[in-house]
Amino acid sequence: MDHNPKPLLDQFQRTVGEVVRDDPGAREVMADMGINHCCGAHLTLGEAAGAAGVPLDALLDALSRRRERPAALRDVPEARQVHLDVRADIARGGEPFVRIMTAVRSLGIGAVLVVRAPFEPVPLYDVLGKRGFAHWTERRAADDWSIWFYRGAAPATGNAPTPPVGDGRGDRSVLDVRGLEPPEPMVRVLQVIEWLTPGAELEVRHDRRPTFLYPQLEERGFVHETDEPEPGLVRIRIRRGESR
Amino acid sequence: MSMPLRPRPGAGPSPVLPLRFLAAAAAAYVLAALAVAWVAPELSGHYYHPRLLALTHLATLGWITLSILGASYQILPIVLGRPVWSERLARWQFWILAASIAGMVAHFHLATWPGLVAAAALLATGITLHLLNLAMSLRGFRQWTFTARAMLLGYAGLALTALFGLALAANRVRPFLPGSLLPTLHAHVHLALLGWVTPMVFGVMARVYPLFLLSPEPAAWLGRVQLWGVAVGVPILLAGLVAVPGLILPGALAVVVATAAHAGSVIDMTRRRKRPALDWGLRFTLTGAAFLLPATGTGLGLALDLLSGPRVALAYAVLALGGWISLTIAGMMLKIVPFLVWYRVYGPRVGRAPVPTMAQLSSPPLEALAHALLTTGTVLLATTVALGETAWIRGAGVVLALGALAFAAALARVLRHLIASARVERVAAPAGIRVP
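Protein sequences, first through last, are from chains A and B.
Residue numbers for the first sequence follow our numbering, beginning at 111 and rising by one.
Residue numbers for the second sequence follow our numbering, beginning at 5 and rising by one.
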């Protein structure tokens, strides 16, 4: 497998003292594994793991799980998590970048993107960082990583919707679902509208009239209007009905 | 242009309606594939045999026509943006069509012609109801895109094919049609294939491929060539078949040009797709499109008199109906059925609870098996009917039947989500629990 060893080496060379300084809670994790912070603070994690007879992988794994989830990611409901598993793509020799960027482009209001990959996709941090995304990495196993991408400044909790990057104006937010394979546009819209506050409006940009979406909107108490400002662009404006 | 539109509440399409048609069509496909091995002796001879006419109508009406009519109740809202005018009428139409097709197949098999006329009249009634429903759904429709025009052309072809078939059935009881039997029969077959099924496939695939391949829409001029090629070529070809043989070649050439334009648009969309990996539904439809080449080549060979005889004609029918049309429809079903089931079962839960993706409803290994068996079986059947060896035809029929069973099993795995959901609703409703 094409595995980038640099992050692993970096971790290996960090000392126990450095780890505890950055994350005081890690002391307890290491103590549970027989690594003593007081006497072994100068040891690298590799040396400390070797001295305690603990596999380095297990130690890194435990520390990774220990790393606190950022406040923006606490209590993010399932409905607002967009999961994208690219492990099979990479195993087949494919390039998942297009899929990831497509998912990023159509990420709904307040939604987070969770990419699952067989290695830590360090270059992606920079690419998405430039688009305003912060990340939190979860190492599940040596070849199983989950990276949560979220809009840095915007809290992912609470009721106030965060307009998608570049398109939001006041209480109107824009969700562009053009170019997505059915039923993904409907999924994105239904995920986002659950977090629409009364009075706020979601403008969906679609490449066709979403006939199958309308009954779902009406059943959930939303009102909508559709127009076609130009060929190939269908615009649906959605807001909560007055009764709700 | 700005056209505010607010669909009526509750005017959304019912996924159960098209599913009913599609499930019945898949059952007809399995029956037809199973019957191939059974009628292998007849398939090694002349195609004008009651059992082969029964098999042909089981495939063309039971499988192909029911599929297209059922899919149109889903496609109409998606590609034309119009809700179905009356789902109640459509439900009635389903039962009328199912009964009439069963009646026609049975009466062909038994060679009982008065019963055939009655079944054909019932079929014409069912088709009239469909066309009525369609006409009412499209009242005031203004966006006459290539797809809309092609579908309209196809429906005109369907109406004419049904009338022609009814006339042929009546002619068996009380002869009144001029001309010889076989040329008239050839005209009926080509009207169905080129006048009804072909424009529907051309039109619908022009919208469906971009949707699923994530590719740009095909160039407008390719659409115009397809429309004009069929609209002009088919009447000329039919006139050639029944009256003026000299018109067969120009008619056939016009249809070949239309077919080439369709193939060109499919190749273009496939090349320019953004979707990196193809699922089995798309592989089915693209394999079906690949059958256009041998099917068109054989048809042109027959038109040019380079090929002749009932065995070649049978091989031509297998390549066109079993290869191009059937594999295209099977591929579409592997896309449509999971969508409809997903929409019915999981659509209301999106945004409120975790739901599986549409791909998670499918079974790629079963679909791959069905693809391999059906493609191989179709090639084998076309080859063996051309050779006329009963044992080999039977062998090809067995491969085809196994493929159809694998295809049906793949669909059944998707449909079980619907069945499980219905079971939960039955339990929940009396207890006042709302699902989802």
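In short, the hints are calculated from the structure, not lab data.
Every value quoted in this text rests on a predicted model; they were computed, and no experiment measured them.
Check each hint, because a few of them may be wrong.
Pairs of lysine to aspartate or glutamate residues, derived as DMTMM-like cross-links and limited to a Cα-Cα distance of at most 25 Å, are as follows [unchecked claim]:
#, chain 1, residue 1, chain 2, residue 2
1, B, K278, A, E291
2, B, K278, A, D199
3, B, K278, A, D286
4, B, K278, A, E304
5, B, K278, A, E248
6, B, K278, A, D317
7, B, K278, A, D195
8, B, K278, B, E221
So the derived list for chain B, only partly shown, Cβ under 7 Å to chain A, looks like this [unchecked claim]:
#, residue
9, Y52
10, P81
11, W89
12, L93
13, P220
14, A223
15, G351
16, G355
Positions of the beta carbon are idealized from the N, C-alpha and C atoms, including for glycine.
**OP:** Report holds or violated for the interface hint on Y52(B), using the least CB-CB distance to chain A and a cut-off of 7 Å.
**Re:** This hint is violated: Y52(B) lies away from chain A, its Cβ roughly 44 Å from the closest one there, beyond 7 Å.
Subject >> Hint status (Cβ of G351(B) to nearest Cβ of chain A, threshold 7 Å) >> reply: Since chain A brings a Cβ to about 6 Å from G351(B), closer than 7 Å, the hint holds.
**OP:** Let me know if the C-beta of G355(B) comes in closer than 7 Å to any C-beta of chain A, holds or violated.
**Re:** The hint holds - G355(B) has a Cβ within 7 Å of chain A, the shortest such distance being about 4 Å.
Subject >> K278(B) paired with E304(A) [C-alpha distance capped at 25 Å] >> reply: It is violated: about 30 Å lies between the C-alpha atoms, which goes past 25 Å.
Subject >> Hint check, P81(B) versus chain A [nearest Cβ-Cβ separation less than 7 Å] >> reply: holds (4 Å)
Original post:
Holds or violated: K278(B) with E221(B), Cα cutoff 25 Å?
Top reply: At roughly 12 Å apart (the allowed maximum being 25 Å), E221(B) and K278(B) satisfy the hint.
Original post:
If you draw a straight line from the CA of K278(B) to the CA of D317(A), is it 25 Å or shorter?
Top reply: Within the cut-off at roughly 16 Å; holds.
Original post:
Straight-line Cα separation of K278(B) and D195(A) no greater than 25 Å?
Top reply: holds (18 Å)
Original post:
Should the hint that W89(B) touches chain A count as held when the rule is a Cβ pair under 7 Å?
Top reply: Since the shortest Cβ distance to chain A is 14 Å, the answer is violated.
**OP:** Sort out whether D199(A) lies within 25 Å of K278(B), counting only the CA atoms.
**Re:** Distance ~15 Å between K278(B) and D199(A) Cα, so the pair holds.
Subject >> Interface restraint verdict for L93(B) against chain A (beta-carbon cut-off 7 Å) >> reply: Since the shortest Cβ distance to chain A is 19 Å, the answer is violated.
Subject >> Straight-line alpha-carbon gap K278(B) to E248(A), limit 25 Å >> reply: violated (30 Å)
Hint violations for this structure: numbers 4, 5, 9, 11, 12, 13 and 14, all remaining hints satisfied.
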